[in-house]
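Dock chain one against chain two, each of which comes alone in its own frame, and use the hints as you go.
First to last, the sequence lines map onto chains A and B.
Using the UniProt record's numbering, read the first sequence as starting at 1 and increasing by one per residue.
Using the UniProt record's numbering, read the second sequence as starting at 1 and increasing by one per residue.
Hint data in this document are derived by calculation from the structure and do not stem from the laboratory.
Each hint should be verified, as a subset may be incorrect.
Under 10 Å between C-beta atoms, here's a sample of chain A residues computed to sit facing chain B [stated by the list, open to error]:
| id | residue |
| --- | --- |
| 1 | Gln68 |
| 2 | Pro71 |
| 3 | Thr108 |
| 4 | Leu113 |
None of these values were measured; they are calculated from a predicted model.
Glycine residues also receive a C-beta, built at the ideal position from the N, C-alpha and C atoms.
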Amino acid sequence: MTEETAARPASVSDVRDVVTVRLPADSAYLSVLRTATAGLAARLDFNLDEIEDLRIAIDEACAMLLAQAVPGTDLTCEFELTDDAMSISVSVLTVDGLEPSRDTFAWTVLSSLAGDVDAEVGVDDRVTIVMNKRRGKTS
Amino acid sequence: MRHVELKVSTASQGGHAVVSVYGEVDLYTAPRLQAELASLVRDGAGRVVVDLSGVEFCDSTGMNVLLSAMKRLREHGGTLELAAPRPAVRRILQVTGLDTVFSVHDALPALEGT
Numbered sequence: 001m002t003e004e005t006a007a008r009p010a011s012v013s014d015v016r017d018v019v020t021v022r023l024p025a026d027s028a029y030l031s032v033l034r035t036a037t038a039g040l041a042a043r044l045d046f047n048l049d050e051i052e053d054l055r056i057a058i059d060e061a062c063a064m065l066l067a068q069a070v071p072g073t074d075l076t077c078e079f080e081l082t083d084d085a086m087s088i089s090v091s092v093l094t095v096d097g098l099e100p101s102r103d104t105f106a107w108t109v110l111s112s113l114a115g116d117v118d119a120e121v122g123v124d125d126r127v128t129i130v131m132n133k134r135r136g137k138t139s
Numbered sequence: 001m002r003h004v005e006l007k008v009s010t011a012s013q014g015g016h017a018v019v020s021v022y023g024e025v026d027l028y029t030a031p032r033l034q035a036e037l038a039s040l041v042r043d044g045a046g047r048v049v050v051d052l053s054g055v056e057f058c059d060s061t062g063m064n065v066l067l068s069a070m071k072r073l074r075e076h077g078g079t080l081e082l083a084a085p086r087p088a089v090r091r092i093l094q095v096t097g098l099d100t101v102f103s104v105h106d107a108l109p110a111l112e113g114t
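Next comes chain B alone, as it looks inside the complex (with noise of 0.2 Å):
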């Protein structure tokens, strides 16, 4: 049972944070999502733009590891955005109210500075 099932990694642009995600976010492999997020927001970022594009599963744990990285980011008057969910994500965003709550972008969306 060792086999990777999520990778994450961040590219930083113009004083922006891209988070891209790939994989399945569950019980088990949030921790990782969460580790990362969590640096960004002790790293002061500003904007931080998680891309979902290469998320095939997601679930209640992975919207509250995302929800509370996102009321970090805002105490320190930063922002968390979701960029090109898959339907499986847009589906728990929608059961779950989420998708009012999150800004949701359905591609990358640019970033100043590129």
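Bound-form chain A, shown alone (with noise of 0.2 Å):
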């Protein structure tokens, strides 16, 4: 991916795009979505120990969503990428419509890396945690 940076245009800073990845509501499919999500922040140029931050706040975020997730519904996982920072923001349809314990390894874990990290409860119990990490400084 970083050989894609020296092709690119100087207007590189007007970079908002938004990917959306919806995969089954399983935990089989983590993997998968640890993978996106490293490759998603490679394309930000997040540094190394950045995108492992990510990929562990991605798997913390959906792992505590899928304790509560409706069986056979899907997560949605929406990647807002800015110029230097990344907004994600994962949902499920929960069976419980509850916010999730913020008195976990996993909510420490995920507030720690994550940046900004909030979660909130919509129409038909659907539950959302939105994390919001900006880029380091990178050379």
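Below is the structure:
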């Protein structure tokens, strides 16, 4: 992915892309989503540590949501890529419509690694976790 | 999706057990690690060392499995130690504060009687 950088036009700062990934709400697909997240973060020139943090963060967010997901439904993950940040929103239809507990290792890890994190409950008991990770200084 | 993402094997030597883990530990694969550690607890294992050198990824689910195994081993006078974590695993140990809870070796320790 780095080789693309050289070919990009000067207007790279205008980049604003939205990528949506939809997967069965099943833990078997977590590794696929981690890989997709790492690939998108690499596009934004996040450094290796930041990419690793995002890989862990997306995994933790999804694992929390999968615990309450309605079986047989999908997990939707929307990535918004801007010049120097990635905003990720993950959501599932849940059986209980409750926000994930913040008193767990999973939430500790997520909030430590993902920058700004929040959770909300919407219509149809859809629970969404939103995180916003800014890119650090890169050379 | 039948790809095996985690392999766990145990070698017992001189009354100690070394559990070697290869692959990625997450919500999907953690039950495999949990089953292996639970059988060591059942067998009354003394010193258990988990070799993490082959682990490319571990999340809080994996950490919880290791933590509960350590607690159960301690109830019977046993220990659980971690060895050779890669940077990704060190990161999660550090973020959860578990690096001060587990005994973590930089490399797989030499076992007695070998």
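Do the hints match the structure? See the list:
| no. | hint | in the structure |
| --- | --- | --- |
| 1 | Gln68 | violated (13 Å) |
| 2 | Pro71 | violated (15 Å) |
| 3 | Thr108 | holds (6 Å) |
| 4 | Leu113 | holds (6 Å) |
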